[in-house]
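Going line by line, the protein sequences match chains A and B. In terms of the working numbering, the first sequence opens at residue 1 and continues consecutively. In terms of the working numbering, the second sequence opens at residue 114 and continues consecutively.
For the record, the hints were derived by calculation from the structure and aren't laboratory data. Among the clues, some could well be false.
What the hints assert, rightly or not - A short, non-exhaustive set of chain A residues, derived as facing chain B with CB atoms under 10 Å:
| id | residue |
| --- | --- |
| 1 | 2 |
| 2 | 6 |
| 3 | 10 |
| 4 | 13 |
| 5 | 24 |
| 6 | 41 |
| 7 | 42 |
| 8 | 43 |
| 9 | 67 |
| 10 | 69 |
| 11 | 86 |
| 12 | 87 |
| 13 | 91 |
| 14 | 107 |
| 15 | 109 |
| 16 | 110 |
We treat Cβ as the ideally placed atom computed from N, Cα and C, and that holds for glycine.
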Amino acid sequence: MRLSDLLGAEVVDDAGRSAGHVHDVRLVQDGPLVGSFGASLRLDGLIVGRRSIGARLGYERRKMRGPLLVKLVTGWLYHDGRYVQWDRVRSVEEDRILISGSAEELPVPGPSS
Amino acid sequence: MAGRILEAGLHLLDRQLIDKDGRLAGKVDDLELEIPAGGGPPVVTAILAGPGALSRRIGGRAGAWLEAVANRLRDGDERRPARVSFGVVKRIESAVDLSVGKAELETNRLEAWTRDHVIGHLPGAGDAPE
């Protein structure tokens, strides 16, 4: 699987409701050891939402710092960002990712490093 | 979660690769993810770089054209993008530092192909200093 298979794909829940598209993929460095890098990057989950420009700038994460005006505007525009833990992913199809449970129960993305 | 948290698109994609001697060695155009042998969630196993990797992100006709060009420049029948194993990644900061030299990387293929097939055939190319 490639990162590009996930980015932009539509996330759909059990009931067929869309949770939006994958804006980014969260990785945690606690996987099996790999060469000079140490612990490998494990896929922890997907950051999804209905809009995209702010997400690529990082403003979808609630604790992201930045110019106040930009933060306020993008915060208003991109308040619908949600997080899908990887263990909820049932299958990855072309341009579509099926998840278990309801899209309405998804939490907001926490802060990254 | 004890490990460092990164967002692939924000912290890795399009970052510059730097080899062990400080030379530019391509950019992060995509990532390869695999499920470990013991099972569990996928982990990042390689950085994919160059036109063969970028073409999928571009998509459409432009992406297909770029992929065709990348395949043409490849030796043999292997149709896959240049791959940099994550085992040679040393550090991820504003750039991605590698623990090996540029010449050892598959990302060097286009430069090597141009040297062997184009530059090498120019009159006087054999007189050029190393």
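The hints, checked one at a time:
1. For residue 2 of chain A, the suggested interface contact is upheld, since its CB lies about 5 Å from the closest CB of chain B, less than 10 Å.
2. The beta carbon of residue 6 of chain A is positioned within 10 Å of a beta carbon in chain B (closest approach about 8 Å), and the interface hint is therefore held.
3. At about 15 Å, the closest approach between the beta carbon of residue 10 of chain A and any beta carbon in chain B exceeds 10 Å, and the interface hint on this residue is violated.
4. Look at residue 13 of chain A: its Cβ only gets to about 20 Å from chain B, farther than 10 Å, so that hint breaks.
5. Below 10 Å, beta-carbon pairs count as interface contacts, and residue 24 of chain A has one with chain B at about 4 Å; its hint therefore holds.
6. Among the interface hints, the one on residue 41 of chain A holds; its C-beta lies about 4 Å from the nearest C-beta in chain B, closer than the 10 Å criterion.
7. Interface hint status for residue 42 of chain A: upheld, as the beta-carbon distance to the closest one in chain B is roughly 5 Å, under 10 Å.
8. Annotation: interface hint on residue 43 of chain A holds; nearest CB of chain B at approximately 5 Å, less than 10 Å.
9. Interface restraint check: residue 67 of chain A against chain B, minimum CB-CB distance 17 Å, threshold 10 Å, status violated.
10. Here the hint on residue 69 of chain A is broken, as its CB sits about 21 Å from the closest CB of chain B, past 10 Å.
11. Contact between residue 86 of chain A and chain B, as hinted, is supported at the beta carbon level, the nearest pair being about 5 Å apart and thus within 10 Å.
12. With a cut of 10 Å, the hint placing residue 87 of chain A at the interface with chain B holds, because the nearest CB-to-CB distance is about 7 Å.
13. Hint on residue 91 of chain A is violated. Least Cβ distance to chain B is approximately 13 Å, over the 10 Å limit.
14. A distance limit of 10 Å between C-beta atoms decides the matter here; for residue 107 of chain A the minimum to chain B is near 14 Å, and the interface restraint is violated.
15. The beta carbon of residue 109 of chain A is positioned within 10 Å of a beta carbon in chain B (closest approach about 9 Å), and the interface hint is therefore held.
16. The criterion of a C-beta within 10 Å of any C-beta in chain B is met by residue 110 of chain A, whose closest approach is roughly 8 Å, and the hint holds.
Against the hints set out earlier in the document, violations occur for numbers 3, 4, 9, 10, 13 and 14.
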